[in-house]
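Produce the entire structure from the sequences given, and follow the hints as far as they go.
There are 2 protein chains.
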Amino acid sequence: MIEESNLTRPPAPCIILVRPQMGENIGAAARAMLNFRLERLRIVAPRDGWPNARAADMAAGALDKMPPVEVFETLQDAAADLHYLYATTARPRDMVKPVFTPAAAVADCVRRGAEGQSTGLVFGAERAGLSNDEVALCQGIVSIPANPGFSSLNLGQAVLLLAYEHFQAVNDTPARQLDFGKSNPAPQAKLEEFLSRLEGELEANGFFRTAEQKPVMARNIRAMLTRAEMSEQEVSTFHGIVTALTRQKFG
Amino acid sequence: MIEESNLTRPPAPCIILVRPQMGENIGAAARAMLNFRLERLRIVAPRDGWPNARAADMAAGALDKMPPVEVFETLQDAAADLHYLYATTARPRDMVKPVFTPAAAVADCVRRGAEGQSTGLVFGAERAGLSNDEVALCQGIVSIPANPGFSSLNLGQAVLLLAYEHFQAVNDTPARQLDFGKSNPAPQAKLEEFLSRLEGELEANGFFRTAEQKPVMARNIRAMLTRAEMSEQEVSTFHGIVTALTRQKFG
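Protein chains in written order, with my numbering: chain A, 65 to 315; chain B, 65 to 315.
Hints in this document: simulated from the structure, not taken from any laboratory. Misleading hints may appear alongside valid ones.
[Said to hold, decoys possible] Here are the computed lysine-lysine pairs in the DSS-like style, where the Cα-Cα straight-line distance is at most 27 Å:
#1 B:Lys-161 to A:Lys-254
#2 B:Lys-278 to B:Lys-254
#3 A:Lys-161 to B:Lys-254
#4 B:Lys-161 to A:Lys-246
#5 A:Lys-161 to B:Lys-246
#6 A:Lys-254 to A:Lys-278
[What the hints assert, rightly or not] On the chain B side, residues computed to face chain A include the following (Cβ under 8 Å):
#7 Leu-98
#8 Lys-129
#9 Pro-131
#10 Val-160
#11 Ala-167
#12 Ser-215
#13 Asp-243
Ideal placement from N, C-alpha and C gives every residue a C-beta, glycine not left out.
Laid out in structure tokens, this is it:
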């Protein structure tokens, strides 16, 4: 059964920090969350109470731009309205739980959100992490693959990586794009016009040593200049280069 | 032409920090690198010289476990032996360059590394970032997609995200795995034995109200217990639960 309040809530996961000790880490987590558009922060039993001035400093304004942080006594309370919890833990716990990579965990959050489920990513205290009982409350585990010989990430960094993955999962930035800024990609005809002119000038200046070599040499030049995916502005610039270099000859 | 020194070098990208100001950020970058097994750190014109005590503090031992940091006067010097540079920049520069996401950039690094090319991920100073001339030196751009209304990431975090993506690209951690710890997944026969026993006990205790309802009710119980992917240990535990609950009846 999905309650109505969950249907109207944004599907992005909550971040739940359990017994965080350093205000700085809470602030860094909040900043990382807003960097990547996660805005629901819940804190269980923060050591130094709440609000926390050091958290506000490190958040660089993020806490003022997010809904108010919710503070709870226990993880049970913090998670009461959520449907699926992911415990972040590096240590194996000898409990049989699905273990997700960060990318797979957030993909699972996104899918559940689309189905009307509310999810929570749960982070333990700085040194001790989550207790076994807290891990047992969570349906899944998230483990950040890292260098086994040097794997300690701080709390703010762990939140950053999950928030980053969530943003990537919900935003379809093209993997590679060519930004032509104020210019446009040159149409084939403009490129062809330039290449023909260049070959003509090279021919006139004795660049192609023999008639046999010319086709291969011309093709190699074309391959390079075509691969560069020139803008219209750049084709104009190269016309200018040819003009300047051919003028110099008669200077 | 690939020089011999590049063929024998590991294919992982260098991290190049250009004019970093705060030792803390250099240290955080080094720690993040070693967390995700990038070990070649080059620094161009660090404001406070090198070595730097604050960097050593923040690195949490990482600098001692990595090859020595290399320090250069200019980005040209730092990049002399590299084949492809990725400038990390958030601001558009009105230069026509391929713009990669972090995941696409590191995939490109890995491919180039496999072909014997050395690559560098280039990060600018804390506030100003890379100069336009420095960006112009780089073949590609990496831009970290983030909340346009709150996008400022610090230097250590930016290095962390690229190092993290590189580690994910070269390590094939299964997206989701079920960790059975000291036990093993229960074979179908053990599960079936338990389910049959449970159905028999339920039948004997009048759980199935009518003969018509029994098949559906039994199927629903099977669906849940099968979905849980029980371990052998858990099947034993559930046998114990049934034993305990049926014993209680006669207590």
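Structure-based check of all given hints:
no.	hint	in the structure
1	B:Lys-161 to A:Lys-254	holds (20 Å)
2	B:Lys-278 to B:Lys-254	holds (22 Å)
3	A:Lys-161 to B:Lys-254	holds (20 Å)
4	B:Lys-161 to A:Lys-246	holds (13 Å)
5	A:Lys-161 to B:Lys-246	holds (13 Å)
6	A:Lys-254 to A:Lys-278	holds (22 Å)
7	Leu-98	holds (5 Å)
8	Lys-129	holds (7 Å)
9	Pro-131	violated (14 Å)
10	Val-160	holds (5 Å)
11	Ala-167	holds (7 Å)
12	Ser-215	holds (7 Å)
13	Asp-243	holds (5 Å)
Hint compliance for this structure: hint 9 is the single one not met.
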